[in-house]
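Chains as they are written, first to last, in the numbering used here: chain L, 1 to 289; chain G, 1001 to 1488; chain R, 2001 to 2216.
Bear in mind the hints are in silico, worked out from the structure with no lab data behind them. Incorrect hints may have been included.
[As the list claims (entries may be wrong)] Okay, the calculated beta carbon distance ranges per label pair:
1) Ala2185(R) to Val1317(G): 18 to 26 Å
2) Ala2091(R) to Val1340(G): 49 to 57 Å
3) Asp50(L) to Leu1018(G): 57 to 65 Å
4) Leu2086(R) to Leu1390(G): 18 to 26 Å
5) Asn1032(G) to Ala2091(R): 47 to 55 Å
6) Ala260(L) to Trp1034(G): 47 to 55 Å
7) Ala2153(R) to Pro1146(G): 30 to 38 Å
8) Leu1485(G) to Leu2086(R): 30 to 38 Å
9) Asp2106(R) to Leu1390(G): 21 to 29 Å
10) Ala2091(R) to Leu1230(G): 42 to 50 Å
Built from N, CA and C at the ideal position, the CB exists for glycine as well.
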Amino acid sequence: MLIRHLRRFACALAMTALPLSAAQADTFVFTAIPDEDETKLIERFQGVADYLAEELDVEVRYVPVKSYAAAVTAFRNNQVQLAWFGGLSGVQARRLVSGSEALAQGAEDESFQTYFIAHSSTGLEASDELPAAIRDRTFTFGSKGSTSGRLMPEFFLRESFGEAPEDIFARVGYSGNHTRTLRLVEAGTYEVGALNFAVWEKELADGNIDTNAVKVIWRTPGYPDYQWTVRGDVDERFGEGFKDRVRTALLELDDPELLASFPREAFIPADNDDYEPIRKVAEEIGILQ
Amino acid sequence: MTLAPTLRTSLIFLAIALAGLMVADISITAVNPWRDLGRFFLGMVTPDFFSYQGLATALLRTVAFAFVGVSLGATFGFLLALAFRWRAVRMGCAFVRAIHELFWALIFLQFFGFHPLTGVLAIAIPYTGIFAKVYSEMLDETDPEPGRTLPPAIGAWLTFLYTRVPQCWQQLCSYTAYRLECGLRSSAILGFVGLPTLGFYLEASFSQGLYSEAGAMLILFYVLIATIPLWLRRPLLPAYIVAAPFFLGDGFPIVWGNVTRFFTSDIVPAPLRHGEGMDGLLVWLADVAVSDALPGLWHTLVLTQVALVLSGIIALVCFPLISKHFTGPVRRTGGHVMLVILRSTPEYVLAYILLQLWGPSMLPAIVALALHNGGIIAHLVGRQSSTLQLRPDAPRGFGRYSYELVPRLYRSFLALLFYRWEIIMRETAILGILGIYTLGFYVDSAIQNIQFDRALLLIVFTALLNLVIDKLSRTIRARLALQTLPTC
Amino acid sequence: MSGLELSNLTAVFDGRAVLGPISLKVAEGDRVALVGKSGAGKSTLLKLAFQHGARHAALVPQDLGLVQPLPVFHNVFMGRLDERSLWYNTATLFRPFRRDRQEIGDLLDQVAMGDKLWQPVAALSGGQRQRTALARALYHRSRTLLADEPVSALDGPMAARVMELLRARFPTSLIALHDIDLALAYCNRIVGIQDGHIALDRRADELSESDLLALY
Chain L
1 MLIRHLRRFA
11 CALAMTALPL
21 SAAQADTFVF
31 TAIPDEDETK
41 LIERFQGVAD
51 YLAEELDVEV
61 RYVPVKSYAA
71 AVTAFRNNQV
81 QLAWFGGLSG
91 VQARRLVSGS
101 EALAQGAEDE
111 SFQTYFIAHS
121 STGLEASDEL
131 PAAIRDRTFT
141 FGSKGSTSGR
151 LMPEFFLRES
161 FGEAPEDIFA
171 RVGYSGNHTR
181 TLRLVEAGTY
191 EVGALNFAVW
201 EKELADGNID
211 TNAVKVIWRT
221 PGYPDYQWTV
231 RGDVDERFGE
241 GFKDRVRTAL
251 LELDDPELLA
261 SFPREAFIPA
271 DNDDYEPIRK
281 VAEEIGILQ
Chain G
1001 MTLAPTLRTS
1011 LIFLAIALAG
1021 LMVADISITA
1031 VNPWRDLGRF
1041 FLGMVTPDFF
1051 SYQGLATALL
1061 RTVAFAFVGV
1071 SLGATFGFLL
1081 ALAFRWRAVR
1091 MGCAFVRAIH
1101 ELFWALIFLQ
1111 FFGFHPLTGV
1121 LAIAIPYTGI
1131 FAKVYSEMLD
1141 ETDPEPGRTL
1151 PPAIGAWLTF
1161 LYTRVPQCWQ
1171 QLCSYTAYRL
1181 ECGLRSSAIL
1191 GFVGLPTLGF
1201 YLEASFSQGL
1211 YSEAGAMLIL
1221 FYVLIATIPL
1231 WLRRPLLPAY
1241 IVAAPFFLGD
1251 GFPIVWGNVT
1261 RFFTSDIVPA
1271 PLRHGEGMDG
1281 LLVWLADVAV
1291 SDALPGLWHT
1301 LVLTQVALVL
1311 SGIIALVCFP
1321 LISKHFTGPV
1331 RRTGGHVMLV
1341 ILRSTPEYVL
1351 AYILLQLWGP
1361 SMLPAIVALA
1371 LHNGGIIAHL
1381 VGRQSSTLQL
1391 RPDAPRGFGR
1401 YSYELVPRLY
1411 RSFLALLFYR
1421 WEIIMRETAI
1431 LGILGIYTLG
1441 FYVDSAIQNI
1451 QFDRALLLIV
1461 FTALLNLVID
1471 KLSRTIRARL
1481 ALQTLPTC
Chain R
2001 MSGLELSNLT
2011 AVFDGRAVLG
2021 PISLKVAEGD
2031 RVALVGKSGA
2041 GKSTLLKLAF
2051 QHGARHAALV
2061 PQDLGLVQPL
2071 PVFHNVFMGR
2081 LDERSLWYNT
2091 ATLFRPFRRD
2101 RQEIGDLLDQ
2111 VAMGDKLWQP
2121 VAALSGGQRQ
2131 RTALARALYH
2141 RSRTLLADEP
2151 VSALDGPMAA
2161 RVMELLRARF
2171 PTSLIALHDI
2181 DLALAYCNRI
2191 VGIQDGHIAL
2201 DRRADELSES
2211 DLLALY
């Protein structure tokens, strides 16, 4: 009885090793940093996948990930070949994968902004400078790896107060993404937050913000942000000139609905040097070593 | 009159927890926590089972990962149990089980990526360590006498197979089945870091406030766990084990170069990688210690001690709910349902929910840990209390509780609580990933910053801390002569 | 009132009637000894008597019903849990009041257990445990005693001393005893049980040892 069980068990275990390496040989896979709610991301990038498949004539698949770092790691591990990164995650990814390059950015990404928002109970008002009265409030960033949700707001906070965020605020949190930052400040869970301006403007236009509960109190100066980054070795894998075809496809994307889901006016050319300012800030703050 | 040692120990831990409560960061920062909690419960009672077509797949994957992970863990655990008298094996097993499944998953994600092997190994490795220990204890406790009655010179292996294994076969089986339940919980939370199990969808629904969708997932998960005795039948087991690997999903092919890179470069401390030598390494180590390890350690310890004592209090308050000495069968069923929900909901999920509702502080984590662990202990203590025979003229009500039952059950209760001390610590560390400043927070930050050397060092530090607590717990249990069965 | 009245008690075990129907009236002042072979149904009768007629009585069950991990003091104190307030009982669990320590200490001295006040019951011998359970019954306020072989683990002089204490303390009692001498010496009424029925019910002073031997 016992022996029979053990033998069956061993057979079963041997089977486990088999189906693991069923590789999908040449699907072009891309990912994106999870900077917004999942349903929005899937809706947006499924559209991009369909568009690219048609333009590039290969199978294209989008994989959702749970963190900014997971997007970078998947790119680095060659499990995805293309990614929609933020400024910081793009810099991180291109440092780790030599030969990879920024292909295109949104028209808005040349001069992107972070909005500082506050719950109405704080009594904080919009101003041209970062209000000193945010000191000792509770504050939330977006994801730890976000450019507009963490890196740049931290940079401006340090510049303005000369202190680390932990010393400025009573409590510092990381909401995870921009939509959640908006919801948490709107609900009063945090008094102040910093988020991607494009997310704010889009949610505002869609009527999804209770403007009696939350308002913008400061807009940062512009900085470069999101971009499409591709691995350097895609030509070897998908054929000569593949990278250029991807670039062209992205730049020619003009479906208004798809663009609105990002939300971007259009995609324009970008290169690695555009993101030097981000690299410097990240090194200054100690996120990049 | 002097206090009994068990009582004295309890009071010392209570005092530590009260001191911890003084320094702990505890508050409800949400403006409207009760409205959100109300919406959450509304979602739970109006579950939406059809909004998400991937739900069935998610449940199937959750079961598949649990099955494959636990089967592998059980097999290797059994083999290692045979070699458990070697110190190296014992220490190795203790070390791998001191690292939480989620940490293992985070490590494998860095080089296997979204391959099923990541999830399978994240469960199989720590479970191997646990199985090896528990199996070897069960084998050791069997009566050696039958072995001596066997004919001489039949060899160690046959003696083992004919005398040791049959004596504890029933225990081995029921423990393994019990571990499968734990495996389901582990499998579900792996979704929170991106594997295709229930947690993946649960996180997505919760973060968007889709409580009816999340409610449906939780309810299905409870049903799945509560019905284990119905679908986990011995004749079906081989079929399940054979089928499970085919339901793990496909993921992405492994690139072996990534594995090499991870071990030869990523986890080598940055100063060594950059050729800064010993001096650089010391500076780096000091930096990790001061800015990550020590603050993380402090918060982890405070949270653990408070959660431990609160777990105990909840267990003591709740066990009468299912004790036949207090309530009738109908109300007892209600108590059972409540405790099943508490113990089937992984701490991680509970903490995640409460954090969403109450805002960030240690409070959601403390409450989540205490509810889950208190629920488990209450269940076991309550069950034990029902086996006690009281004298017919035993007092009723609180007199019965405080004079007849608690004194009889207190030692088992304390044994369970101390056994769970190390488990609570392990979970506390991991809850940092949700944004509470325990060790997991710093591990997650290092990973987000793509500093795997730092992340791994902190994970090893967390594991060592767990080993210390485990040792301390065993010392206390030995001193108080407390014995218990393992829980998870 | 401390008497008890039992009517038509029956007990069925495994589909077989093991006791009764039995009716028995115990008036105030009756100190009844239940005698008979082991297995005759004495213990069953006592259990039923407690459930159906004498919930207020002090009880010494055969298995004593002690809480092993608690000290002797608390096990005895439990005899009067129903009289005190919640906070009093709770506080006593952690730190007994001097008055109770004194009272229970004195009570234990009477059964030669005064030195064992703070010993956990788990550490006691069989005879000491039995005396603890007896002390709990003596501490109880009831004027009625139900006891099942209360002195089975005690030596002769100690058994006599305890029976004397019980006689002095409880005007009414129903005690299962296999020791005929003790039954005749300390009880005023003898009820003999045979095969689940009452085979004899007489005043003790009308009986001699030989009358009872017929029951065995």
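Do the hints match the structure? See the list:
At roughly 51 Å, the beta carbons of alanine 2185(R) and valine 1317(G) sit outside the given window of 18 to 26 Å. Separated by about 36 Å at the C-beta atoms, alanine 2091(R) and valine 1340(G) break the suggested range of 49 to 57 Å. Hint check: aspartate 50(L) to leucine 1018(G), Cβ distance near 60 Å, so the stated range 57 to 65 Å holds. Between leucine 2086(R) and leucine 1390(G) the C-beta distance comes to about 19 Å, which sits within the given range of 18 to 26 Å.
Distance hint check: the CB atoms of asparagine 1032(G) and alanine 2091(R) are about 41 Å apart, inconsistent with the given range 47 to 55 Å. The given range of 47 to 55 Å is broken by alanine 260(L) and tryptophan 1034(G), whose C-beta atoms sit roughly 37 Å from each other. The hinted window of 30 to 38 Å between alanine 2153(R) and proline 1146(G) holds, with their beta carbons roughly 36 Å apart. Range check, leucine 1485(G) to leucine 2086(R): Cβ separation about 34 Å, and the 30 to 38 Å hint holds.
Checked against the hint of 21 to 29 Å, the pair aspartate 2106(R) and leucine 1390(G) passes, with Cβ atoms roughly 28 Å apart. Between alanine 2091(R) and leucine 1230(G) the Cβ separation comes to about 48 Å, which falls inside the hinted range of 42 to 50 Å.
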